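A.B. asks: Listed below are the residues making up each chain.
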Amino acid sequence: MTPVAVEVQGVSKRFRLYHEKYTSLKEKVIHAGRVPHEDLWALRDVSFEVPEGETIGILGRNGSGKSTLLKCVCGILQPTAGQVVVRGKLAGLLELGAGFQQELSGRENIYLNGSMLGFSKRDVDRMFDDIVEFAELGQFIDNQVKYYSSGMYVRLGFAVAVNVDPDVLVIDEVLAVGDERFQRKCLDRVKQFQREGRTILFVSHAPDLVRSICDRAVVLSDGEMVGVGAPGEAIRLFRERLLEAGDALGASEADAALGAATEDIAEEHAAEGLAYPDPQVTAGVPGATAGSVSRLRLAPQDSRPVRFTDVTCVLPAESGRRYVLPGEPVTVRAEFESVRPVVGAVFQLELRGDGGTGLFRTDSEILGVTCDLAPGPGSFEFRLEAVPLLDGAYDVNLGVQTARGLSDWREPACTFEVMNPGRSTGVVAVEVRAALVANGGLVVGNGGLVVGKGGTVAS
Amino acid sequence: MAVDAPAESPDARSAGVTSVLDRAGSVATRPKTTRVVSSETRVWARLREVWRSRELLVYLVRTEIKVKYKNSFLGLLWSMISPALTLAVYTLVFGVVLHNGMPDFVLYLFAGILLFNLFSTGIVTATGVVVNNAGLVKKVSFPREILALAAVGSAGVFFFFQACVMVIFMLFLHWAPAWSLLYLVVVGLVPTLVLACAFGILLAAINVYMRDTFHLVTVLVGSAWFWACPIVYSYQTTVASRLAVHHLTWMYFMNPLTILVMTFQRVLYGALTPPATYAPHPALHVLPHWPVSTYVWGDGVVLAVALVLFYVAMVVFGRLAGNFAEEL
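For the record, the sequence lines run as chains W and D.
Just so we're aligned, residue 1 is where the first sequence starts under the working numbering, counting upward by one.
Just so we're aligned, residue 1001 is where the second sequence starts under the working numbering, counting upward by one.
These are computed hints drawn from the structure, not numbers from a lab.
No experiment lies behind these values; they were computed from the predicted model shown.
Treat the hints with care, since some could be wrong.
Stated by the list, open to error - Below, computed lysine-lysine pairings styled on PhoX-like, alpha-carbon distance capped at 25 Å:
(1) D:K1066 with W:K146
(2) D:K1068 with W:K146
(3) D:K1068 with D:K1138
(4) D:K1068 with W:K121
(5) D:K1138 with W:K121
(6) D:K1066 with D:K1138
Said to hold, decoys possible - Simulated DEER-style distance windows between Cβ atoms:
(7) W:D45 with D:R1319: 18 to 26 Å
(8) W:R122 with D:W1179: 37 to 45 Å
(9) D:L1171 with W:D142: 36 to 44 Å
(10) W:K191 with D:P1031: 19 to 27 Å
(11) W:D39 with D:D1212: 20 to 28 Å
(12) D:W1044 with W:D45: 24 to 32 Å
(13) D:R1054 with W:D142: 22 to 30 Å
(14) W:D142 with D:K1068: 29 to 37 Å
Ideal placement from N, C-alpha and C gives every residue a C-beta, glycine not left out.
Generate the whole structure from the sequences, applying the supplied hints.
C.D. replies: Right, here's the structure in full:
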């Protein structure tokens, strides 16, 4: 049986939220004993174990208690109830940067940090060169830390944490800082730590990172642990929580705002008679994060012969889920209304990924569908047979064009989410087969072919 | 605790990775200490923790001193210049202008100020220390008491420098301490340090929640407490008779620093072997004619009180320390 490295036993943490904080004596006296406050439970009875050598990710929305949990593990905050048992030496990087004394030089801070972690001067002497080399600080090591750039600061912090030979490493959202090359270096070191059998607690907002390096993940929501399990499962749980939270944000309000904005832009385009909307203009539309199925309603406008009345992303009904798995179909259905007969209308579809990256664009003309519209309501469907995408929320933009120009444009018309149960990361779901073809000069038989589990269709 | 690395493996330099691997070869099997983070605060457990982090204490003392005099031209010299200036002013005002008639008044003054400065610098620095080191407290786990102890420790370093200056003064004025009573320096010093640590720990914690504490302490210690001790004036020649009339002598000695300051004066000023020029030794009239045992007992009582206070301070600190990171 693997010994347990970190044991979180029923940890709760209460914060007092003072509506107004009285820190001076006068205020304390005036408001003695009846300072208005609210109790905020940042953590509520969280329990889990991390066996030695495991890498565990902690997922949760902002304010879900991730950082508080890590601070309790590190011993910076004392839990209100419960306890954390840590076996072995713990080094941690909390939020941005380690604890440095601003006035001291990098060199002095390394020694100070080392002694805080329980190392003697001789121990630190031995690690010193590795730390400086890893942090890539060079001559700046003797400058006061307060003059460091944020990148240097984080690099030094990380370098100390990974070079002090910890048994348990705690990383809170720090890999996001530093340039790409340094991030890669940090990840390499994290992976090396995994091989060496060290325990890692890892908080990240990047589910992909959690998926690729963690053995398990804990999902926190409003201070409560809603699940712990394999990263794929945990990420799905996390995403579902995000969706719920999105719904909770007054869907009607959000939709109204969105509708109005979209309408304005559509009007603009109609006036200018643009064939395609200028992405510069449309980029200003508030992102639609409402959920996998978002609806927009527009008031009828006389200037445009065809307009959408309702656009929905229809997910496979039988699953009952609010997201699709890679490889499942999604149907984009547009209800429209035509005020007069239109010959040769063209429906346009655009698929955009994270950050508005254009992934795919097509229209009814390309697909060879002729649309001569009679006056009155109608509907049009784009059926994406198999969505070859991995994790993320994808926006669908929809437009309809007539000979006189763009008649209507919705951006985003609707949004759908893809969740990836596998462990591969990226944007595109590629079915991969892997095999060791030759080994030690011998050709291995075909029987060695392994179908990659990650990212492929999983049902 | 850390597994010893093979001294200099040949290719440890060439690839930074190897050295870590070497050290970590036995991550799974090496001995590990268990640490429990909970709301429970046992004083003894925390004291053990402090003892284990004693090397950190040394670092923090150095940090405290470095940070204090960073970017100042004279640096550490200030720890000697500022008391010297105080001495100069008081000597001028009381010794020369008001002419209090104490022989070598500057030494009497120095003996008292030496000890008082240790105490006052210690607790004033300690009061602000947790707030000033918020960057560390919010990010790294270590026994927070150490910060307050380090503040007192840095005051101890200044004490040492000032003591050196005092020695120079004594050499210059041909004044010898009471050699046979030199152990009283330690007898007076130990309760002072414990007392300073107790107050320092208590006030450091309270200051996190009430920032007024720092200003209050600065004023109280700098003025009220200073004048409550027989540093500038003599207990024997100035206040003793007046206190005795009103039966308030006990109240005067409720101030734990009184007896400690007088102990220092007894050793460093009230020499039994005075220079030949003073006959009969006039310094003995400035100090009370107490047997040495009175000082020892007095200091002993103060030490006992200080230890109790220290325990109380640790308990209070332990209660409050759990929320430092969120209060800062």
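A.B. asks: For each hint, tell me whether it holds in the structure or not.
C.D. replies: Comparing the hints with the structure gives:
1. D:K1066 with W:K146: This hinted pair holds, its Cα atoms lying about 15 Å apart.
2. D:K1068 with W:K146: Cα-Cα ~15 Å, so holds.
3. D:K1068 with D:K1138: Given pair K1068 (chain D), K1138 (chain D) holds - Cα atoms ~21 Å apart, limit 25 Å.
4. D:K1068 with W:K121: holds, 23 Å
5. D:K1138 with W:K121: holds, 24 Å
6. D:K1066 with D:K1138: holds, 21 Å
7. W:D45 with D:R1319: 18 to 26 Å: holds, 23 Å
8. W:R122 with D:W1179: 37 to 45 Å: The hint (37 to 45 Å, Cβ to Cβ) holds, given that R122 (chain W) and W1179 (chain D) are roughly 40 Å apart.
9. D:L1171 with W:D142: 36 to 44 Å: Cβ of L1171 (chain D) to Cβ of D142 (chain W): about 39 Å, so the range 36 to 44 Å holds.
10. W:K191 with D:P1031: 19 to 27 Å: Holds - the Cβ-Cβ distance for K191 (chain W) and P1031 (chain D), about 26 Å, lies within 19 to 27 Å.
11. W:D39 with D:D1212: 20 to 28 Å: holds, 26 Å
12. D:W1044 with W:D45: 24 to 32 Å: holds, 29 Å
13. D:R1054 with W:D142: 22 to 30 Å: Given range 22 to 30 Å: holds, Cβ gap about 27 Å.
14. W:D142 with D:K1068: 29 to 37 Å: With a Cβ separation near 20 Å, D142 (chain W) and K1068 (chain D) fall outside 29 to 37 Å, so the hint is violated.
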